[in-house]
Amino acid sequence: MNTIYPDSGLAAVIDFVREQNGLIDQAIREGRPLSGFDCAALSGAVSSLLDAIDARLPQNAGHAALKVAA
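Position 22 (the sequence shown) corresponds to 22 in our numbering; numbering is contiguous.
Label-pair restraints from in silico Cβ distances:
{"id": "1", "residue 1": "Tyr5", "residue 2": "Ser48", "range": "15 to 25 Å"}
{"id": "2", "residue 1": "Asp51", "residue 2": "Leu23", "range": "18 to 28 Å"}
{"id": "3", "residue 1": "Pro58", "residue 2": "Phe37", "range": "33 to 43 Å"}
{"id": "4", "residue 1": "Leu50", "residue 2": "Leu23", "range": "12 to 22 Å"}
Note that these hints are calculated values from the structure, not bench results.
All C-beta atoms in this analysis are idealised placements derived from N, C-alpha and C, irrespective of residue type, glycine included.
All chains, full assembly: derive it from the sequences and hints.
Shown next, in the form of structure tokens:
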């Protein structure tokens, strides 16, 4: 298992994913409909997170199991 120590770039992407997920989670809890924009924003955030993680894995391991250090 790989351990990733987030640098400022990765930390910013993680924060963005949390923000987008929080907005969608809140809408679901409140029974509000989700827009295509909401889903696209979360999808883009997750894609950015995966790209950032991949870039930091040894030999660009792709989908290897990893552990994010707190």
